[in-house]
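Here's the letter readout for the chains.
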Amino acid sequence: MTDLIELDGVEKVFDVRRKTGRWRREKRQVRAVDGISFRVPRGEMVGYIGPNGAGKSTTIKMLTGILTPSAGRIGVAGLDPSRERTKMAQRIGVVFGQRTTLWWDLPLYDSYRLAHRMYRIPDARFRENLDRCVELLDLASLLDVPVRQLSLGQRMRGDIAAALLHDPDVLYLDEPTIGLDVISKAKVRQFLRDLNAERATTILLTTHDLTDIEQLCKRVMVIDHGRLMYDGALAGLHEAGESERTLVVDLERELPPVRAEGARVIKVEGPRQWLAFPASASAAPLVAQIAAEYPLVDLSVREPDIEAVIARMYEGPEVH
Amino acid sequence: MPDAPEAVGAAGVAGATDAMDATGVVGVAGAAGVTERLPAPGMWATYTMIAGMWIRSTLAYRASFVMMLVGNFLVTAFDFVVIALMFSQVRSLGGYSFAEVAFLYGTSTTAFGLANALLGSIDKLGARVRDGTLDTLLVRPAPVLAQVAADRFGLQRLGRLLQGGLVLGGSLLALHVHWTVLKVLLVPVMLLSGTAIFCAVFVAGAAFQFWAQDAAEVQSAFTYGGQTLLQYPPTVFAKDMVRGVTYIFPLAFVNWLPALYILGRPYPLGLPSWLAFTPPLVAALCLTLAGLAWRVGVRAYRSTGS
Chain A
1 MTDLIELDGV EKVFDVRRKT GRWRREKRQV RAVDGISFRV PRGEMVGYIG PNGAGKSTTI
61 KMLTGILTPS AGRIGVAGLD PSRERTKMAQ RIGVVFGQRT TLWWDLPLYD SYRLAHRMYR
121 IPDARFRENL DRCVELLDLA SLLDVPVRQL SLGQRMRGDI AAALLHDPDV LYLDEPTIGL
181 DVISKAKVRQ FLRDLNAERA TTILLTTHDL TDIEQLCKRV MVIDHGRLMY DGALAGLHEA
241 GESERTLVVD LERELPPVRA EGARVIKVEG PRQWLAFPAS ASAAPLVAQI AAEYPLVDLS
301 VREPDIEAVI ARMYEGPEVH
Chain B
1 MPDAPEAVGA AGVAGATDAM DATGVVGVAG AAGVTERLPA PGMWATYTMI AGMWIRSTLA
61 YRASFVMMLV GNFLVTAFDF VVIALMFSQV RSLGGYSFAE VAFLYGTSTT AFGLANALLG
121 SIDKLGARVR DGTLDTLLVR PAPVLAQVAA DRFGLQRLGR LLQGGLVLGG SLLALHVHWT
181 VLKVLLVPVM LLSGTAIFCA VFVAGAAFQF WAQDAAEVQS AFTYGGQTLL QYPPTVFAKD
241 MVRGVTYIFP LAFVNWLPAL YILGRPYPLG LPSWLAFTPP LVAALCLTLA GLAWRVGVRA
301 YRSTGS
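Protein chains in written order, with the working numbering: chain A, 1 to 320; chain B, 1 to 306.
Mixed in with the good hints, there may be bad ones.
[What the hints assert, rightly or not] Incomplete in silico selection of chain A near chain B, CB under 8 Å: (1) Glu26; (2) Gln29; (3) Val30; (4) Arg85; (5) Arg99; (6) Tyr109; (7) His116; (8) Arg117; (9) Phe126; (10) Leu152; (11) Thr211; (12) Gln215.
[Said to hold, decoys possible] From the derived model, a few chain A residues whose C-beta atoms are all more than 12 Å from chain B: (13) Ile60; (14) Arg91; (15) Asp105; (16) Arg148; (17) Leu150; (18) Ser151; (19) Asp181; (20) Ile266; (21) Ala292; (22) Arg302.
In short, the hints are calculated from the structure, not lab data.
Just so you know, these numbers come straight off a predicted model, no measurement behind them.
Think of the CB as a built atom: it goes at the ideal place given N, C-alpha and C, for glycine as much as any other residue.
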């Protein structure tokens, strides 16, 4: 059993009723997930990305057993998530970035004690896992603090710990770094990397932050319009989308558009110019070239965001 | 993972997964996982766990808890003050004495108070469906019904129960009833069955909210409204109303039918008096139907997600 997660031709169709007149209602079918198949071996860390409404969270909801698929087959750790919901729940950890599962008015520790009882975690195991999470997620000083007094970053760390106390086989993270500051993001990412490396916990995460994917996932899946558009390495995604990074240069004074090999100016605003260049290319030669030929004051490189990358993927055959 | 990354259209998906299989990545051996899992907690265990958390939550604000408890007691007691004021002007209401009406009031309020204390916040289900927090309950290894039933469990709800119990106790002292063993036994049976019937109404109402998320008000009409209705004798209501709560929506079995037997009063609608002993059956039937409605509701939610 090397594949922990298996999806075969999974579909999810919703009936949407729309008011078309005072009494009349039109029934329309929306295919939120339209025939998705993939496999995730045990111990892999996968990014699952796509624009809003692409079918990401519907897929996660089917994987966690919240929703029943309309067609196709799902197996997670040998279980059918929607048929064996409670059994499935014991083997997975779920973190919804925007909704905490912690008890708002109670000290953080109380939420863990509930998990201890609800997941029927053996005492020794609970202690061991909690100690580990407390140490690695830096929670020791927070255990006695009511959750409502925690910062967003502290709460997210608390939520992640809560999802791991019962030794889940899979950890689903829905936007785990949303709204966090840079330091909190780094802490969360480091922890996930360690978790994956040491415990071989399989992790599936959705995110809008391309840096999450870059730092965590070797493999990325892109979904849009309910279909899997890409499944492979992140670097390949850039190529597939022919995505571009942006070099922002501040010159000493206003000058005509910079001429540089492998880049084109997309915007000029006073002494500041924006140059687009392929994401797969290195920025160093470009910077060197510009620095040599122009009075360069300052510069910065902007990474493409997921939306831009995905949008570019479609700028070919796909019409919508 | 495929060595050569490839962009796939819908048709190319199968190709991508094949490529993955071909490379034959093997999961890290000795992974976390095949730990033995104990069976998930049942209904009651889940209920007490969650309710316990809510009690701790309310005790975090002790002063506000005491105020809510007192407030709950006073607000619900106001209903009885209204009845007492009426009886300062009239000697009987629909042919019933003050003590008799107090008996109806006490039984209705106690049964409803118990049901309300047990699962009074289940009508928040619609809100949970709307804001998506129901999903966080569905990924826990515990029955969803027990989790929602214990939602926002609050000891301050004991205020209503206490108030109903006091009125019931007072009425029992004031009543001029020829008590038989059967009548004495019927009192607790009536209270428990009544509680169960109200619980069924709460659950069925919550199940309905899977389809109509704003139906909490409709539900209140049957729960809080039903309680108020049963606080008065059936003789003050129109016949069709009494028919409705007997045949269609069996609230009459909560207290009217058994209580009228205890009070030795004629039955409405010419019903036979042995119906006084049927509340446990009616309650069992109601709970079964409510349980079914709940299951259908959960199933519908999990197939539509809204």
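Here is what the structure says about each hint:
1. For Glu26 of chain A, the shortest C-beta to C-beta distance to chain B is roughly 17 Å, which exceeds 8 Å, and the interface hint is violated.
2. At a threshold of 8 Å, the smallest CB-CB gap from Gln29 of chain A to chain B is about 12 Å, leaving the interface hint violated.
3. Annotation: interface hint on Val30 of chain A violated; nearest CB of chain B at approximately 11 Å, more than 8 Å.
4. Given the 8 Å rule on beta carbons, the hint for Arg85 of chain A holds: about 7 Å separates it from the nearest Cβ of chain B.
5. With its C-beta approaching chain B no nearer than about 6 Å, Arg99 of chain A sits inside the 8 Å limit, and its interface hint holds.
6. Annotation: interface hint on Tyr109 of chain A violated; nearest CB of chain B at approximately 11 Å, more than 8 Å.
7. Interface restraint check for His116 of chain A: the shortest CB-CB distance to chain B comes to about 10 Å, outside 8 Å, so the restraint is violated.
8. The beta carbon of Arg117 of chain A comes within 6 Å of a beta carbon in chain B, closer than 8 Å, and the hint placing it at the interface holds.
9. Nearest Cβ of chain B to the Cβ of Phe126 of chain A: about 12 Å, over the 8 Å cut. The hint is violated.
10. Interface hint status for Leu152 of chain A: violated, as the beta-carbon distance to the closest one in chain B is roughly 17 Å, over 8 Å.
11. Taking 8 Å as the C-beta cut-off, the interface hint given for Thr211 of chain A is violated, the closest approach to chain B being about 19 Å.
12. A hinted interface residue such as Gln215 of chain A counts as satisfied when its beta carbon comes closer than 8 Å to some beta carbon of chain B; here the least separation is about 17 Å, so the hint is violated.
13. Distance to chain B contradicts Ile60 of chain A as a non-interface residue, since its nearest Cβ pair spans about 10 Å, not more than 12 Å.
14. Distance check for Arg91 of chain A against chain B: the nearest CB is about 7 Å away, which does not clear 12 Å, and the non-interface claim fails.
15. The beta carbon of Asp105 of chain A sits about 4 Å from the closest Cβ of chain B, which is not more than 12 Å, so the claim that it is off the interface is violated.
16. Residue-level check failed: Arg148 of chain A sits 10 Å from the nearest beta carbon of chain B, not beyond 12 Å.
17. Look at Leu150 of chain A: its CB is around 15 Å from the nearest CB on chain B, clear of 12 Å, so calling it non-interface holds up.
18. Against the 12 Å criterion, Ser151 of chain A stays outside the reach of chain B, whose nearest CB is about 20 Å from its own CB.
19. With 12 Å as the threshold on Cβ separation, the claim that Asp181 of chain A sits away from chain B holds: the shortest Cβ distance comes to roughly 24 Å.
20. Distance check on Ile266 of chain A: its Cβ is at least 24 Å (rounded) from any Cβ of chain B, clearing the 12 Å threshold; non-interface status holds.
21. No Cβ of chain B approaches the Cβ of Ala292 of chain A within 12 Å, the least distance being about 34 Å, so the stated non-interface status holds.
22. Residue-level check passed: Arg302 of chain A sits 23 Å from the nearest beta carbon of chain B, beyond 12 Å.
In this structure, the hints that do not hold are numbers 1, 2, 3, 6, 7, 9, 10, 11, 12, 13, 14, 15 and 16, in rising order.
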